[in-house]
Each structure stands twice: as structure tokens, then as C-alpha cells.
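All chains, full assembly: derive it from the sequences and hints.
First to last, the protein sequences are chains B and E.
Residue numbering for the first sequence follows the numbering used here, beginning at 6 and increasing consecutively.
Residue numbering for the second sequence follows the numbering used here, beginning at 2 and increasing consecutively.
Some hints here could point you the wrong way.
As the list claims (entries may be wrong) - Some chain B residues judged to face chain E by a derived CB distance under 8 Å, without partners named:
no.	residue
1	Gly140
2	Cys201
3	Thr247
4	Ser250
Just so you know, these hints were derived from the structure itself, not from any lab.
From the three backbone atoms N, C-alpha and C, an ideal C-beta is built for every residue, glycine too.
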Amino acid sequence: MSSPLRMASAIVGAAETEELGVIPDKSATQLHADAAIRAMEDAGVTNSDVDAVLTAGSPTQIAEYLGIQPTYIDGTSVGGCSFMLHVAHAAAALATGRCNVALITHGQSGRSRVGEGGRFGGGSTPSAQFEDSYGTWGAPSRFTVPFVRHMHEYGTTEEQLASVAVAQRQWATKNPRAMMRDPIEIQDVLDSRTICWPFHLFECCLVTDGGGALIMVAADRAKDFPKKPVYVMGMGESVEMTMISQMQDFTSSRAFVTSGREAFKMAEIKHSDVDHIMIYDAFAHLPIFAMEDLGFRKKGEAAPWFAEMKSAPGGELPVNTNGGGLSYTHTGMYGMFAIQESVRQLRGEAAAQVDDVTISLAHGVGGMFFAAGTLILTNDPSA
Amino acid sequence: MIRLVVPKRPFPRPTPETQAYWDACKEHKLTLQRCLNCEGQPAYFYPRPFCPTCLSRNIESFEASGKGTLHTYIIAHRGAPGFQDDVPYVIAVVELEEGPRMMSNIVDVEPTPENLPVDLPLEVTWEDLEREARDGTTEKIGLPLFRPARGGS
Ligand SMILES: [Zn+2]
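Here it is in C-alpha cells:
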């Protein structure tokens with residue numbers, strides 16, 4: 006039996022902040038608002054139409070700031086994939102009549118730190134007790150830890166890792182909004198500063214300011230809005246742990262596997278039906294892990310596939326066509342930007358538009374392999 | 002003049018569930034817990050007063066051998082606050098002989114990929130941390146680190 010949420014909702018408004026990159030004159034909350042207002046304009050709705058607010062952090066603050074009186078709120082905050090989960094949760098709320106017009110927002114002053122809270126949690130959480138004392142200093146020193154095991158078990162090489170950054174830069178050269186647009190070769194990546202061996206600077210995401218927002222409605226109303234609707238076919242979410250040292254298998258994310266499996270089950274499609282993929286790439290190994298864990302490539306076969314430039318412009322399956330977190334933008338919780346690019350590709354309005362995109366998959370990671378969310382989206386109302 | 006002192010390593014703050022682990026560390030004893038309910042009495046880490054597999058409260062702590070292998074790692078070329086003078090240094094996941102894995106640093110070895118093959122045999126070694134408590138007394142804790150095993154496995 007099909008899921009009642011399959012094709013039950015649609016994204017009818019989508020926008021990023023007017024600017025991306027370095028935005029010292031806007032607070033984090035204003036970045037939410039800038040994206041939200043532009044998404045409402047894109048959908049032809051206003052704050053009095055919106056009755057659901059979903060954001061990673063404080064939906065209370067966003068509702069107040071934007072003058073919205075919601076009947077449905079969701080503050081799910083599991084890192085950068087939270088927005089994939091918000092789309093999934095909004096789909097359920099719309100299908101069951103809890104709300105009519107859902108607003109999902111993201112804004113982060115990741116670079117300029119204007120109006121942001123404290124950066125470090127500290128305290129006596131498990132990770133504070135069992136990891137911080139070993140000189141970890143955030144994502145670059147922890148997210149990267151599994152990869153050497155992948156190299157050991159599958160013969161994955163430093164050059165293959167670097168090729169992910171090269172392929173994505175090829176997409177970014179076509180995108181005027183991308184922060185990094187100069188073409189690079191494998192050797193440039195390997196020659197960039199070593200951050201945490203085997204990771205170099207160009208294999209680590211950018212740190213930027215920016216935001217994005219989405220408007221969702223029930224699928225049966227989707228055609229009443231000005232833009233081409235993007236329907237939600239499948240969704241999945243999961244978590245695994247809060248310490249990288251406790252990952253069960255350092256060559257595979259349980260959260261990725263679970264989330265991806267659920268999304269494909271609901272969408273009722275084959276992997277070969279997917280035309281376009283967005284994978285949250287905080288670091289260059291994430292597309293490798295995700296292509297394997299989501300079932301697009303067998304274990305050990307994704308890295309050679311990237312090295313053959315199969316994901317690059319002109320390749321067999323386009324991945325991260327905005328340039329990704331490595332070259333486009335990365336505010337801290339990048340998942341929203343992955344969804345935005347899927348929507349643009351499905352609407353036919355992307356900077357580096359791929360031909361004939363009917364189904365796009367957007368996969369997000371939260372924390373450091375701690376959480377995952379997967380969306381399968383389509384522009385075909387009869388899918 | 003106010004001097005901001007960044008202690009080299011963040012001092013772990015135990016919770017009631019982890020106090021016994023950190024108390025044992027003070028005496029340079031690395032402890033694990035095991036489930037007396039699950040078949041084979043599997044060991045687990047980090048400390049919890051129940052088995053994470055079957056949720057049984059019928060568990061016990063025991064001293065680990067301190068032997069393990071290098072499961073995966075990075076070589077940090079940028080240091081955390083307080084660690085800037087120590088780069089490059091190794092942040093590793095150690096697979097203990099008893100099965101569980103934990104994060105640690107690999108010390109007493111030049112940190113290069115050539116010196117650190119995956120699955121390298123390791124043994125525990127200790128660093129004592131001290132800090133002044135609010136009441137003026139000195140707090141101490143031991144932190145388990147690992148080094149390449151010196152034979153006699
Ligand atoms: Zn048990």
C-alpha cells in the first residue's frame with residue numbers, strides 16, 4: 006500500500022537570501038526573515054496566509070519576528086539536515102489538516118556571527134567528557150575521522166577524495182552565486198593546506214552567511230500558485246549517535262542507510278529513476294559515503310566513480326550542481342541550500358541547469374554523521 | 002591584571018553515571034562495563050547504568066586490558082584552543098581488545114601516516130590533568146591516551 010504522504014504535498018515557494026557569503030549587516034534572525042519573505046513572494050502568499058512555522062532552533066522567534074500566528078510549529082534541530090525533516094513533517098501536517106500553508110526557514114550568520122548564540126556547548130555531555138579532552142575542535146577534526154577506515158577497507162585514495170572537490174568546482178564555475186568559481190585540478194586540492202590529514206582545505210566546506218526558505222501546501226492546491234510545483238514523493242529521517250567515536254561502522258552511516266531506505270520505499274522508485282542528486286557535503290567524503298549508503302553505488306565503488314568525473318557536468322548522474330558546501334555556500338546548516346537547488350533544477354531555473362530533470366534526491370546530514378534526512382522530489386504531478 | 006588561562010585539555014566533568022569511570026582513571030585504571038544479561042556478556046562504552054543492547058540493569062564494571070588497535074584517525078594540523086603548540090597530533094578511534102571503541106590521542110610516535118597503519122596494536126598510557134577547583138583545592142583526573150604497543154601482547 007502506498008504511503009498516504011506520497012505526492013500529498015508540494016513546495017510552491019522557494020528562495021534564498023538576496024545575498025550569500027559575507028553579510029555583516031544582517032543578524033541571523035534577519036537572514037531567516039529575508040529568505041522567508043522572498044519565499045512568500047515567490048509563492049504569492051503573505052504572513053497572514055502562513056499557519057505553520059518550521060525551523061531548526063526557535064520557531065517561536067521566527068513566528069514573532071514575521072508576525073505569524075501559527076497553528077502548527079516544529080523546532081526539530083538535528084543539525085544541517087533539519088530542513089529535510091521539516092519538509093517531511095510539514096507534509097504530514099498538511100496531509101492531516103493541521104495547517105494549510107507551511108513556512109520552513111533557515112538563516113545563519115555562520116561567518117560574521119551577528120546575532121548568533123554561543124559557539125561551544127561544553128559541559129558534561131558525553132562528547133564533552135569523552136571527546137573534547139582529546140583536542141577536537143569542531144567539525145573538521147571529528148567529521149573527518151571515519152575516512153581513513155574507508156581508505157583501509159576499500160582502497161579509497163586521497164586523489165579520489167580530492168576529485169569530489171574538483172567535480173563540484175566544475176559545477177560552481179557555472180554559478181555566479183557560488184563563492185568559489187575558479188577551476189581547480191586534483192593537484193590543487195592536494196596542494197592546499199592540510200587541515201586534518203587526509204583532508205585538505207579544498208575538501209572542507211566554506212564558512213558563510215545566508216539563509217533559505219520554503220513554502221509548502223497540500224498537493225491538491227499546488228497548481229493554484231504561480232510557480233511550477235515540486236511534489237514530495239518520498240522522505241526519510243534517522244539518527245545514529247552524538248559522538249563520532251561511537252559510529253558503528255566507520256565506512257557507512259546507519260542514519261544515511263535508514264533515511265535513504267525509507268525515502269525510496271515511500272517514493273516507490275528505482276535508483277535509476279533519479280535524474281539529479283544533492284548531497285550535503287560538509288567534507289568531500291560525504292558524497293562518497295552517501296552514494297554508497299543510499300544505494301546508488303556498491304560499497305567501495307563511489308570514490309572511483311567520482312574520480313571518473315561521473316558526477317561532473319556532462320557526466321552520467323549530476324551531483325551537487327550548485328557547487329555544494331565546498332564551493333557554493335555553507336552557513337553551518339547547509340541542508341536548506343541542497344533542497345533549494347533541487348527545487349531550482351525541478352523548476353528549470355538553476356544556474357547550471359541539467360536537461361530533463363524529473364526526479365531529484367536531496368540528502369542531508371546532521372552533526373557529524375549524527376543524523377540524516379532524505380527527500381525525493383518531482384515536478385511530475387502524475388508520478 | 003586578569004589573565005585568561007586556557008587549560009591545555011578541557012577537563013572532563015563527570016555525571017553521576019560516569020563518576021566511577023573517571024574515579025578509576027585517577028588511579029590509571031581503564032574500566033568498561035558489561036551486560037550480565039546478554040549472551041557472551043558483551044562489554045560496552047561509554048558508561049551507562051544499563052546495557053545499551055537489551056536495556057538490562059544487570060551490569061558490572063571491570064578493568065580493561067588497556068590493549069587495543071588503531072581503528073581510524075586523523076592527523077590534526079590545526080589545534081584546538083590550548084593545543085596550538087602540539088600540532089600535528091593524532092585524534093584516533095581505538096578499538097579495545099574487549100570490543101568497544103573510544104576516542105583518544107596516539108602519543109609517543111611521530112605522527113605520520115607511515116607510522117600509523119590502520120589496525121596498529123596499541124596500549125594505554127596516562128596523562129594526569131589538574132586544575133584549581135572553586136574552593137581553592139586541586140582537582141585531578143587521569144586521561145587515557147594510547148601509544149604503539151611495546152611488544153608482549
Ligand atoms: Zn544486555
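Structure-based check of each hint:
1. Gly140: holds, 4 Å
2. Cys201: Holds: closest Cβ of chain E sits about 4 Å from cysteine 201 (chain B), inside 8 Å.
3. Thr247: For threonine 247 (chain B), the interface hint is violated, since the closest Cβ of chain E sits about 11 Å away, which is over 8 Å.
4. Ser250: holds, 4 Å
Hint 3 alone, counting from the list given before, is not met by this structure.
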